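There are 2 protein chains.
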Amino acid sequence: MFRLDHIGVVVEKLEPMVELYCRLLNYPPDKVEYHDVPSEGVRVAMLKGNTILEFLQPTDPDSGIGKFLAKRGAGFHHFCYGADAPVENKLAELKANGFAVLSDEPRQGAEGRVFFVHPKSAGGILTEFVENE
Amino acid sequence: MFRLDHIGVVVEKLEPMVELYCRLLNYPPDKVEYHDVPSEGVRVAMLKGNTILEFLQPTDPDSGIGKFLAKRGAGFHHFCYGADAPVENKLAELKANGFAVLSDEPRQGAEGRVFFVHPKSAGGILTEFVENE
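Residue numbers (our numbering), protein chains in the order written: chain S, 1 to 133; chain D, 1 to 133.
Simulated from the structure, these hints should not be mistaken for lab results.
Note that the coordinates shown come from a computational prediction; the quantities given were computed from them, not determined experimentally.
Hints should not be assumed to be uniformly reliable.
If chains are identical, the list can't say which one is meant, so a pair holds when it fits in one copy or spans any two.
Derived lysine-lysine pairs resembling DSSO-like cross-links, with alpha carbons at most 30 Å apart [said to hold, decoys possible]:
| no. | residue 1 | residue 2 |
| --- | --- | --- |
| 1 | K120 | K13 |
| 2 | K48 | K13 |
| 3 | K120 | K31 |
| 4 | K31 | K95 |
| 5 | K120 | K71 |
| 6 | K13 | K95 |
| 7 | K31 | K48 |
| 8 | K67 | K48 |
| 9 | K13 | K71 |
| 10 | K120 | K48 |
| 11 | K120 | K67 |
| 12 | K120 | K95 |
Modelling step: build the complete structure from the supplied sequences, incorporating the hints.
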């Protein structure tokens with residue numbers, strides 16, 4: 001009925017959080033995927049189950065995630081749902097339905113083409129959509 | 001590798017949040033499941049995809065969810081993962097590994113036998129485990 005692609009969780013440092021979650025979930029440490037995303041000023045670690053836990057560590061204090069960490073502390077950041085290609089259609093549908101989107105065009109994220117819905121339009125939760133592969 | 005059973009999100013009122021998320025996710029309103037859980041002082045609405053969005057509205061201001069809403073406002077509340085039966089084994093394993101659990105025995109939740117791990121042991125995130133069916 002819907003596909004939650006991933007959940008973004010902001011952390012101060014990836015390694016201790018990954019170590020903790022591998023023990024919490026019996027997740028094999030060698031299956032954790034790490035990505036550097038310099039354009040977003042973050043390093044990412046991903047644990048994959050029926051959805052993905054995406055831990056986000058800022059590498060730049062002026063990045064969106066860096067500012068979030070400074071202001072709000074570590075913790076839950078956003079949900080990302082899958083949307084059928086082309087993701088422009090979902091963006092247009094939501095705009096037409098009165099949802100506040102953060103950009104008028106999708107942009108290239110680390111995992112594909114994405115756009116964001118403002119938390120004020122999604123029950124207080126920052127919400128991302130990523131184009132299904 | 002792991003199964004995220006559901007995500008708990010605290011809301012002031014279920015109906016406007018459900019209406020919003022049905023539009024956001026193109027979810028059929030007649031498929032939303034509602035449960036009253038008087039023992040927990042909450043009403044619950046569930047939207048089912050690859051994981052479940054569980055919206056929690058307090059019916060008792062003195063319930064855990066009622067106090068959370070008063071103190072923190074609406075928003076993300078907890079993650080719940082599946083654990084193989086009997087769930088006591090997961091509880092014992094985590095305790096032996098130094099995780100802080102909120103009770104020494106599982107209890108009967110709305111969706112089965114559950115226990116909680118303190119946020120201080122799970123990277124700041126309240127974490128529940130439910131026994132797999």
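A quick look at each hint next to the structure:
Taking the closest pair of Cα atoms, K120 and K13 come within 30 Å of each other both inside a single copy (29 Å) and across two copies (15 Å). Taking the shortest alpha-carbon separations for K48 and K13, only the intra-copy value of 19 Å comes in at or below 30 Å, while the best inter-copy value is 32 Å. Only between protomers do K120 and K31 lie at most 30 Å apart by alpha-carbon distance; the minimum there is 25 Å, versus 36 Å within a single protomer. Taking CA atoms no more than 30 Å apart as the test, K31 paired with K95 passes between copies only; the shortest distance there is 24 Å, against 38 Å inside one copy.
Taking the closest pair of Cα atoms, K120 and K71 come within 30 Å of each other both inside a single copy (18 Å) and across two copies (19 Å). In this assembly of identical chains, the alpha carbons of K13 and K95 lie at most 30 Å apart only when taken from different copies (24 Å versus 36 Å within one copy). Proximity of K31 and K48 under a CA criterion of 30 Å is satisfied in both settings, with 9 Å inside one chain copy and 27 Å between copies. In the homo-oligomer, the alpha carbons of K67 and K48 lie at most 30 Å apart inside one protomer (26 Å), although the nearest pairing across protomers, at 33 Å, exceeds that limit.
In this homomeric assembly, K13 and K71 come within 30 Å of each other (Cα to Cα) both inside a single copy, at 16 Å, and across copies, at 28 Å. For the identical chains of this complex, K120 and K48 are neighbours both inside a copy (29 Å) and across copies (23 Å), given an alpha-carbon limit of 30 Å. In this homomeric assembly, K120 and K67 come within 30 Å of each other (Cα to Cα) both inside a single copy, at 19 Å, and across copies, at 23 Å. In this assembly of identical chains, the alpha carbons of K120 and K95 lie at most 30 Å apart only when taken from the same copy (14 Å versus 39 Å across copies).
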